[in-house]
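So the protein sequences, as listed, match chains A and B.
Numbered by UniProt numbering, the letters in the first sequence go through residues 1 to 396 in order.
Numbered by UniProt numbering, the letters in the second sequence go through residues 1 to 396 in order.
These aren't lab readings, by the way, just hints derived from the structure by calculation.
A portion of the hints provided could be inaccurate.
Any copy will do: because identical chains look the same in the list, a pair fits if it lies in one copy or spans two.
To be verified - Cut-off 30 Å, straight-line C-alpha distance, at most; resulting in silico cross-link-like pairs (DSSO-like, lysine-lysine):
| no. | residue 1 | residue 2 |
| --- | --- | --- |
| 1 | LYS4 | LYS140 |
| 2 | LYS226 | LYS352 |
| 3 | LYS233 | LYS395 |
| 4 | LYS4 | LYS233 |
| 5 | LYS226 | LYS389 |
Since the model is a prediction, treat every value here as computed from it, not as a measurement.
2 protein chains.
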Amino acid sequence: MASKDMVALGAQSSVIRDLFAYGQAQAAIVGKENVFDFSIGNPTVPPPDSVAEAICHIVQSEPAVGVHGYTMAAGDRTVREGLAAYMNKTYQAQVTADNFYMTCGAAASLTISLKALVENATDEIILVAPFFPEYTVFIKNAGACPVILPPDTEHFQISPAALEAAITPQTVAIILNSPNNPSGVVYAPETYAAVAEILKRKSEEIGHPIYIISDEPYREIIYDGKPIVYVPKYYANTIICYSYSKSLSLPGERIGYILVPPQVTDAHTIYLAVCGAGRAMGFVCAPHLFQKVVLQCMGQVADIELYDRNRKLLYGSLTEMGYECVYPDGAFYLFVKSPEADATAFSEKAKKLCLLIVPADSFGCPGYVRISYCVEEAMIRRSFPVFKKLIDGYKE
Amino acid sequence: MASKDMVALGAQSSVIRDLFAYGQAQAAIVGKENVFDFSIGNPTVPPPDSVAEAICHIVQSEPAVGVHGYTMAAGDRTVREGLAAYMNKTYQAQVTADNFYMTCGAAASLTISLKALVENATDEIILVAPFFPEYTVFIKNAGACPVILPPDTEHFQISPAALEAAITPQTVAIILNSPNNPSGVVYAPETYAAVAEILKRKSEEIGHPIYIISDEPYREIIYDGKPIVYVPKYYANTIICYSYSKSLSLPGERIGYILVPPQVTDAHTIYLAVCGAGRAMGFVCAPHLFQKVVLQCMGQVADIELYDRNRKLLYGSLTEMGYECVYPDGAFYLFVKSPEADATAFSEKAKKLCLLIVPADSFGCPGYVRISYCVEEAMIRRSFPVFKKLIDGYKE
Chain A
1 MASKDMVALG AQSSVIRDLF AYGQAQAAIV GKENVFDFSI GNPTVPPPDS
51 VAEAICHIVQ SEPAVGVHGY TMAAGDRTVR EGLAAYMNKT YQAQVTADNF
101 YMTCGAAASL TISLKALVEN ATDEIILVAP FFPEYTVFIK NAGACPVILP
151 PDTEHFQISP AALEAAITPQ TVAIILNSPN NPSGVVYAPE TYAAVAEILK
201 RKSEEIGHPI YIISDEPYRE IIYDGKPIVY VPKYYANTII CYSYSKSLSL
251 PGERIGYILV PPQVTDAHTI YLAVCGAGRA MGFVCAPHLF QKVVLQCMGQ
301 VADIELYDRN RKLLYGSLTE MGYECVYPDG AFYLFVKSPE ADATAFSEKA
351 KKLCLLIVPA DSFGCPGYVR ISYCVEEAMI RRSFPVFKKL IDGYKE
Chain B
1 MASKDMVALG AQSSVIRDLF AYGQAQAAIV GKENVFDFSI GNPTVPPPDS
51 VAEAICHIVQ SEPAVGVHGY TMAAGDRTVR EGLAAYMNKT YQAQVTADNF
101 YMTCGAAASL TISLKALVEN ATDEIILVAP FFPEYTVFIK NAGACPVILP
151 PDTEHFQISP AALEAAITPQ TVAIILNSPN NPSGVVYAPE TYAAVAEILK
201 RKSEEIGHPI YIISDEPYRE IIYDGKPIVY VPKYYANTII CYSYSKSLSL
251 PGERIGYILV PPQVTDAHTI YLAVCGAGRA MGFVCAPHLF QKVVLQCMGQ
301 VADIELYDRN RKLLYGSLTE MGYECVYPDG AFYLFVKSPE ADATAFSEKA
351 KKLCLLIVPA DSFGCPGYVR ISYCVEEAMI RRSFPVFKKL IDGYKE
């Protein structure tokens with residue numbers, strides 16, 4: 001007497017978690033310094049000091065009943081006003097507090113947005129490979145079908161032809177994720193322009209809007225001075241899902257938001273649906289103290305210089321050894337072509353050397369592995385002989 | 001292009017929110033001191049001082065990456081171990097860390113538990129009137145049908161005959177909520193014993209377990225030294241949904257848990273379903289800092305003496321004026337019989353005098369109003385002439 005689907009989902013092992021657990025167990029046997037764990041995307045850069053200062057200041061100076069009490073379902077109005085002001089200043093977004101729904105993190109932003117948009121079991125949501133594997137779980141939870149765009153393994157952008165072919169009258173939305181987990185790629189302005197042109201044309205053709213759900217937890221984790229794209233500038237029907245997990249290094253605090261900009265078709269109706277979906281799943285009132293904290297830390301970003309150093313070190317060394325790596329503009333992942341067609345077999349060989357890297361099959365991109373470089377630089381350096389030995393094995 | 005159900009849910013006005021908003025607006029016109037708002041159940045007693053101390057201590061003494069990083073999906077193991085130790089010491093519960101799934105508050109505990117248990121659209125969940133109106137929203141989200149047990153207006157316990165009649169082969173679970181919102185009643189041990197007897201017999205008869213989902217956000221808000229009942233002692237197939245919103249006055253922080261005790265039939269399968277449902281809806285990893293805070297404040301309760309004073313003051317004065325009130329053993333609500341059959345009409349008359357009390361129709365109990373007494377004592381005293389005038393109007 002339990003939902004079979006939920007039991008299966010709860011029992012399902014995850015490649016990432018399994019690798020991580022294996023690494024923990026091996027560390028106890030061979031020593032922590034001999035395990036090279038690149039499996040997990042847990043930020044290693046601490047939050048800015050202003051986070052701890054804000055927490056203590058709020059807790060010590062404001063009445064506790066107010067700090068920890070309920071906010072409105074959509075979140076504290078002052079926080080949402082501050083957020084609107086920030087987005088208007090930074091991106092000329094022309095939004096107001098009423099366009100924001102504060103959420104319990106990135107996953108909540110996505111599950112709420114999807115549930116708000118999906119009406120029928122035949123509704124389709126397009127995913128662009130490679131993609132975060134939980135997207136398919138969230139789409140099924142909303143009662144829709146995932147439609148997967150094959151990866152553009154040349155540039156890891158979005159193939160216009162593939163997108164055009166994937167759209168049907170049942171298409172409700174496409175999830176975009178840039179900077180991308182797992183590829184580390186940032187979508188180019190031309191990519192957004194091309195996607196927007198197709199979505200506009202196809203929306204008219206099929207007679208209803210196709211939404212972009214722009215999943216942006218890595219928005220500010222971007223290198224080489226690349227500009228941050230405000231997606232609604234390219235395409236009006238964009239719903240933004242944001243989380244402070246990576247930008248403020250607060251993944252465990254579950255704080256983020258959904259932004260339904262006013263230029264979205266029937267924006268108010270969509271916003272009401274977001275409120276309804278949040279209510280139905282029990283997500284009203286995001287964690288209050290951290291609503292206040294993100295207001296005080298608005299626009300700040302954890303020091304991503306460390307990630308950047310790791311990125312350059314890994315990309316430089318691995319390409320030099322002969323690995324084929326996608327150039328990573330953002331996030332904290334290096335996406336590497338497996339030296340053999342079967343990335344799982346490659347990952348298994350690496351695992352025997354205590355080098356833990358994630359095969360990207362579950363990300364919809366066989367033949368690649370994801371290397372998470374939010375790790376200690378010293379571990380990266382210690383891992384190089386192992387990476388070298390591994391690739392040399394393919395050269396013999 | 002949005003889910004019609006979600007739009008309707010998001011647009012739906014709530015009697016409670018509407019009254020609250022009316023009160024805020026009236027306060028600006030007639031003065032705050034002339035509005036008597038008993039509509040909202042937002043704790044007015046501050047959290048114990050230990051909460052602020054724990055927050056600052058953790059933030060200032062532990063590495064930030066650990067404090068704010070991801071925990072396991074089910075929550076920090078140390079926190080769950082502490083919770084198990086507390087439940088074993090306090091209730092001889094015989095549970096372990098593996099029986100707990102930390103959640104983002106009471107609503108999440110319920111939506112996850114329901115989604116874990118519900119398999120088919122014909123599945124039925126029994127509610128006992130009066131009940132928290134969002135239960136029906138959560139049940140529909142899980143894809144099941146609510147079946148409502150009419151209120152026992154004599155004692156506000158549970159009528160065995162009504163329960164027996166409500167059970168069908170489609171019954172999956174019954175939600176119990178004691179201390180009860182809105183009645184303030186605490187279920188007697190005899191009530192649990194009678195319910196358990198019926199559920200055991202009926203479970204055998206229909207060939208599958210019927211679960212109790214015990215919704216216990218008010219567990220420790222209990223007066224006159226009444227004992228706290230650990231429901232699994234009466235009925236093995238009990239899943240406990242808890243939140244620290246009321247006991248620690250942290251409603252805005254969204255922290256609670258689901259407990260699937262080991263004596264539940266197929267406990268591990270049910271627990272896996274809980275994990276799966278949490279994952280599907282995007283609820284993995286409850287807010288981390290507050291997981292740590294509740295561990296440090298385990299077993300503490302906000303000073304409910306203030307609620308108790310308000311309770312005695314209101315109950316004594318209102319019954320003396322001629323109101324018929326259900327004796328409130330717990331929570332912070334007084335449930336009053338409307339002096340006319342139509343409680344909404346009564347509430348409207350009160351509203352004209354700036355006295356804001358909630359008709360209980362949406363709680364499944366027409367003819368009653370809910371008075372929330374987590375308010376300032378001075379406001380209660382100021383409200384008495386209005387309560388008096390109101391009831392006297394029915395005596396003429």
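Discussion item. To test your reading of the hints: which numbers does this structure violate?
Written reply: Numbers 2, 3, 5 - these are the hints that the structure violates, sorted from lowest upward.
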